[in-house]
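Enquirer: The numbering used here applies: residue 14 is where the sequence shown begins, and numbers increase by one.
One or more of the hints may lead you astray.
[Unchecked claim] Ranges of calculated distance between the beta carbons of each label pair, as one might list FRET restraints: (1) V70 with S15: 30 to 36 Å; (2) D43 with N21: 17 to 23 Å; (3) R20 with Y45: 31 to 37 Å.
Calculated from the structure, these hints are not laboratory results. Keep in mind it's a predicted model, so treat the numbers as computed, not measured. In this text, a Cβ means the ideal position worked out from N, Cα and C, and glycines have one as well.
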Amino acid sequence: MSEDAVRNALQSLPRWIGDDRAIAATFSFDSYEAGVGFAVQVSLVAQRIDHHPELLVGWRRVTVTFSTHDVGGVTARDVAAAHAVDEIAPR
Numbered sequence: 014m015s016e017d018a019v020r021n022a023l024q025s026l027p028r029w030i031g032d033d034r035a036i037a038a039t040f041s042f043d044s045y046e047a048g049v050g051f052a053v054q055v056s057l058v059a060q061r062i063d064h065h066p067e068l069l070v071g072w073r074r075v076t077v078t079f080s081t082h083d084v085g086g087v088t089a090r091d092v093a094a095a096h097a098v099d100e101i102a103p104r
């Protein structure tokens, strides 16, 4: 996807930022354990859709980054995966 296409796609994903190389969102939690639990939920979604993000688990936050490595940037699969993660994210 071009950078403009990614920017347009991200309009429906307000938590997410990115460019034509990758898109990412950081989610905050009340505890470390809650963040780890969310990371596990993300991994189950990723396995189901067969598209796996980079996950960075920190103290009370988790950053999820999608990029389609074999094409070297963002594709429609990354955007769809971001929507799937948003469906399970805390409000």
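Enquirer: Look at each hint and say if it fits the structure.
Expert: Hints versus structure:
1. Under the hint 30 to 36 Å, the C-beta atoms of V70 and S15, about 31 Å apart, fit the expected range.
2. Checked against the given bound of 17 to 23 Å, the beta carbons of D43 and N21, roughly 33 Å apart, lie outside it.
3. Between R20 and Y45 the C-beta distance comes to about 33 Å, which sits within the given range of 31 to 37 Å.
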